[in-house]
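Q: Residue numbers (the numbering used here), protein chains in the order written: chain X, 1 to 240; chain R, 1 to 261.
Treat the hints as calculated values from the structure; they're not laboratory data. Quick caveat: nothing in here was measured; it's all calculated off a predicted structure. Even for Gly, the Cβ is constructed at its ideal location relative to N, Cα and C. Take the hints with a grain of salt, since some may be wrong.
As the list claims (entries may be wrong) - Computed, partial: chain X to chain R, Cβ under 8 Å:
1. Leu50
2. Asn87
3. Thr218
One-letter residues, chain by chain:
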Amino acid sequence: MIRIRGLDKRFGGTHVLHEIDLDIVPGRVTAIVGPNGAGKTTLMKTILGLTRVGGGQVFVDGERVGDDPAYRARIGYMPQIARFPENLTGVELIAMLRDLRGDATEPDEDLIARFQLADQLGKPLRVMSGGTRQKVNAVLAFLFRPELLVLDEPTSGLDPVASATLKDKIVDVRKSGRTVIVTSHVLSDLDAIADDIIFLNEGRVGFAGSVHNLKIATRQLSLERAIAQVMVAGVQGAVA
Amino acid sequence: MNTTLRIMRYELRDVLRSRSLIAYGAFFLAVTEVLLRFSGGAQAALSLMNVVLLLIPLVSIVYGTMYLYHTREFTEMLLAQPVRRTHLFIGQFLGLALPLSAVFLAGFCAPFIMHANEGAPIATLAVIAACGVVLTLTFTAIAALLVARIDDRVRGIGAAIAVWLGLTVVYDGLVMTALAVFADFPLEPAALAAMLANPIDLARVLVLLRLDVSALMGYTGAVFEQFFGSSWGVVLASLTLVMWTGGPLLLGARRFQRKDF
């Protein structure tokens, strides 16, 4: 589904991504993890075309990410920070995105029901609480039944119930054969949903493979401890 | 183009509902009404001109930058949709500039239509209204350019205020000083060029010529009158005003196209 070859990115003087090669497999949930500043968000934004490809190439479904925005019709994006035009209502916001996508498919309103949002959507976004806005953010990502979901810290700002609902939704989407890319700082959140792990550190891929293999290689039962081990080993490797 | 219009439509709705925009329209309504009622005639037109030339650039550029910085995250979200960047950029510009112009026109025109029978200088007021709309477009375009170029919002809003101060206060001061220092030389071409290079000055001269008070502008006023009276002058002035909107918009779109979000 996504093929990344030699992706290199600098912002001014900082080298954010160092010639990354990656393949993200369709029909699976891939988690991108790593410390702050590792390049997780930059990697995601490059796939979305928000950050321009520096060196190298990125392909989504065989189409090279560049000036043609058509491939994004198959992507649903949930950004980390949910800020919307204040004076529009939730209903108008949904109508706006549908207009922009020119989407004729029956929208997936499952999350609206599961979050019990229907009553809130008539209000302007200005009066919604941060948590409610984050729920709207999640609804928008899934609404158009995209083949690929890109979720940046989706559970941040959600209460435990909503967070569990969202994770259930991710599992459902994966069952229907669609692809999910997700970042999170809460590794225990990812344990239950991720099939594959990409561990980024200082703009390089520290590990890319299945969660299962990572746990075997590190002889750990939880993803959290397995990643912790990779991080420590990575530091030792750098010293040696 | 369709995408541009769709983005414009929703942004326009958002902007039109904001309280500050309603206050902006109410302000023009009150000022125009008061001036037309209590001073009347050319005097009112002159005062209105000063309000328009000072306030519209300030509000357009500051509101424009603040709005665009505020919706940055939403801009990112829209860019993750199947949308071309330039379409989004132009749509955002129109979604800001059109409601700002409309609210100004509504607030400004309502009183002078009401006072039309009482000898209000309709033609002059129409020129002021047109200048107001053009300045709104120009300064919203500059705002869009600044936001596309400057990532830090504090610096961006600072730059917006600096541009406004520069074109209203500093520029005039510099031109005046230059004219005084070089008073012994033939200054007409230089003064004309200096005026064309500043959209606010250009708008001011267009209104003053209507008011027939070009004598107020000293001896260069006569030169201006001669120049703008000719069809060449009108064409050049209009072209310059178009460039003052198109230029920043073009530069902004180019930057927006390449930008990393």
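Q: Check each numbered hint against the structure and report the violated ones by number, ascending.
A: Checked against the structure, the only hint that fails is number 3, while the rest are satisfied.
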